[in-house]
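The chain contents come next:
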Amino acid sequence: MSKQTLATLVAGLAILILLPLTQSNYGVFVLCSWLVYSISAMGLNLTLGYAGQVSLAQASFMGIGAYVTALMTMAGVPWPAAMIAAMVLCFVIGFLLGYPALRVQHHFLAFITLAFNALVVLVLRNEEWLTGGTYGIVGIPRPEVLGLPTQTPLAFYFFVLALFVLMAVALYGIIRSPWGRTFKALRENPIRANSLGVDIRKTTLLAFAIGSSYGGLAGSLLAQLTQFIDPHSFGLTISLKVLLMVIVGGAGFFFGPILGALLIVLAPEFLRFTEGYYLMIYATLVIVLMVFCPTGLLGLVERARAALKLRQNPNATTWEAGR
Amino acid sequence: MTKRALASIAIAMAISASLPNISWADTIKIANVIELSGAGATVGSNWRDALKLAFEEINAAGGILGEQVEVTDYDTQTDPTTSRAMVQKAIDDGAYVIMGPIYSGSVKVNMMVAQQNGVPQLTGAEAPFITGMGNPYIFRTSFGAQQSMPKLVKYLTEEMKVKSVAVAWVNDDFGKGGRDSFVAELEKAGIAVNADVSSEVGQADFAADVIKLKSSNADAIFAYLHEEESARLLKEIRKQGVTQPIFGETTLMNQKVVDLAGDAVNGVRGHVGLTANAPIPGIEEFARKFEAKYNYKPDHNAIKAYMGAYVVKYVTTKNGKVDRQSFADALHGLTITPADEPGILMETSWDDKGEVNRESFLVEVKDGKQTVVTTLPKL
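If you read the protein sequences in the order shown, they are chains A and B.
Numbers 1 to 323, taken from the UniProt record's numbering, label the letters of the first sequence in order.
Numbers 1 to 379, taken from the UniProt record's numbering, label the letters of the second sequence in order.
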């Protein structure tokens, strides 16, 4: 990592620490939900952007994480245990959901994960004895970290920020590890990866499992943030929203989902002055982006950088310029 | 730029930063946190338009305590989480009273935020649990389902001599709350439930649901769904030639359902808390003003919002000050009559939980119009 990158990261972190201090409670709430959705989108980015497996089930893992955390903390289990349990359960279920991905690809896999999401929502709704059914669960406690309560929006923000940084660092480690490289190999050309000795089966399952556990953690935090969950909050639309975050930001780029989540969480805020038209404008923007830059916003940046380098050094190949 | 210019800019910035964060003009801020997009947009826009109408009238007549009222709309997108964020934003913006939302699932989440900040909230939601959670800042603008269902069941047993009912309901907070209250009342009255059919929010095809209702051989059908789904269900019921009488509560006979389903609504009977067709001078006058301004017929949500606005005016004027706590304290156990405040339209009382009590109506839809059959007294 160059000095310049490090300086940028430190500056970014400083902004994340200082920004909420200038915001109203609502502003802090929006920042919190951005971080929570970023965690979820980072997980999906691993599954989709790096390993190339299309999943429309991220919201269901958020749901599982949220319900496990809510039920366990409300039954008196300490929050770290509840949140770890949520992540482990999502890891296991994600691992199992990865099995169909061994046999089907692309839009068929999308349908399978979509069905899984619908199934989870139905279970959450119909198993009233456990989940409270349509009424959902109200009054989920916020954690107490090292004796400090996180009842106030600001305190909870820093709790979420800490976990966000932890998960981002962990993901960075995963992507740079041999695992990360096998994920990419799987996305680019599974047959070739296999011929080079990559265990496709294990890699696919792991990509699903790790991505799902990120979703589980995001769900845990979401439950504590809103202190209310119901099955409807984890429906297909939320899965599509998380998918949109990954794609708009740039699938396969480390900061892609974080940028995508920022845009999608904040878009209604930016467009508020247009009153009733904001959903239409928002939809149009997404269409335009997808038509002109299917690799997302960071893909656009990448392309611009390559074009600039090509102009400076016309003899370089595109590949060299892109480096 | 000279040093002097820099210094004067710095001083100006310092002064502006040190000013207290209050609004410049003397205005009372009302936050309208309501469904303006998503599944609830139909009811939300009725509510918003009526609220606007009411506060325009109030402002034209000199405002409240000499101050103008400023209404800001916050769109919940019919999503509980967003609605919570919007209530938070409304409170940050300095709202005196929060109006809305209508969807019970949203109210359940955001009423906690309003409660923590001590901001009174006048909601349009009807699910029973809202007033059962011990929140001293929540007030209804219409009946909870637990109040209206007994009135309807009484009518079914005493007037219609019904022995069995098939129930169709929508599986969300609103539908389930209403269905549970209704079925509990049926049990008390000894009426059998022959079919219990749940459907989804936004469901398009009701063919299978209607087959179940029809084949249940119940004496009557009771439907408790949102407006758009009600319209689709009724159309399908007519298409399959169901002969049993159809009953509902408020939403089923809503103007929006009549607009959407047309003739299919004719003959439907039920209980409504409020209707624009009530033979009450205040409501008739309101409906006329509303239709003249917006060019469509108001539904019960519009009446709720209109009356809610005048509740804010009456209580604040009575208190003589713009104070949230006094507002909440004063509204508990209060009865307002149209003589006190013409904008209130009908005599209404609030109990210590924020539940309302007023006259209500049994209506039948005839030629696309709600016709009041009987006016039921206050409980």
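The set of hints was computed from the structure by calculation and includes no laboratory data.
Where a beta carbon is used, it is the ideal one built from N, C-alpha and C, also for glycine.
Incorrect hints may have been included.
What the hints assert, rightly or not - Not the full set, but computed from the structure, chain B residues with beta-carbon under 10 Å of chain A:
id	residue
1	E57
2	D75
3	P80
4	T82
5	D92
6	N110
7	V113
8	N117
9	G118
10	F129
11	N171
What the hints assert, rightly or not - Computed, partial: chain B to chain A, Cβ under 8 Å:
id	residue
12	G62
13	T81
14	K108
For each hint, the structure was consulted:
1. The beta carbon of B/E57 comes no nearer than 23 Å to any beta carbon in chain A, farther than 10 Å, and the hint placing it at the interface is violated.
2. The interface hint given for B/D75 is met, as the beta carbon of that residue sits about 8 Å from the closest beta carbon of chain A, less than 10 Å.
3. Checking B/P80 against chain A: minimum C-beta separation of about 6 Å stays under 10 Å; hint holds.
4. Checking B/T82 against chain A by beta carbon gives a least distance of about 8 Å; that is within 10 Å, so the hint holds.
5. Interface restraint check for B/D92: the shortest CB-CB distance to chain A comes to about 4 Å, inside 10 Å, so the restraint holds.
6. Of the supplied interface hints, the one on B/N110 holds, with its beta-carbon coming within about 9 Å of a beta-carbon of chain A, less than 10 Å.
7. With a least beta-carbon distance of about 9 Å to chain A, the hint placing B/V113 at the interface is held under the 10 Å criterion.
8. With a cut of 10 Å, the hint placing B/N117 at the interface with chain A holds, because the nearest CB-to-CB distance is about 9 Å.
9. With a cut of 10 Å, the hint placing B/G118 at the interface with chain A is violated, because the nearest CB-to-CB distance is about 14 Å.
10. A cut of 10 Å between beta carbons decides the hint on B/F129: the least distance to chain A is about 7 Å, and the hint holds.
11. At about 6 Å, the closest approach between the beta carbon of B/N171 and any beta carbon in chain A falls short of 10 Å, and the interface hint on this residue holds.
12. Because the closest C-beta pair between B/G62 and chain A is about 28 Å apart, greater than 8 Å, the hint is violated.
13. For the restraint placing B/T81 at the interface with chain A, the shortest Cβ-Cβ distance is roughly 5 Å, inside the 8 Å limit, so the hint holds.
14. With a cut of 8 Å, the hint placing B/K108 at the interface with chain A holds, because the nearest CB-to-CB distance is about 6 Å.
The structure fails hints 1, 9, 12 (numbered hints given earlier, in ascending order).
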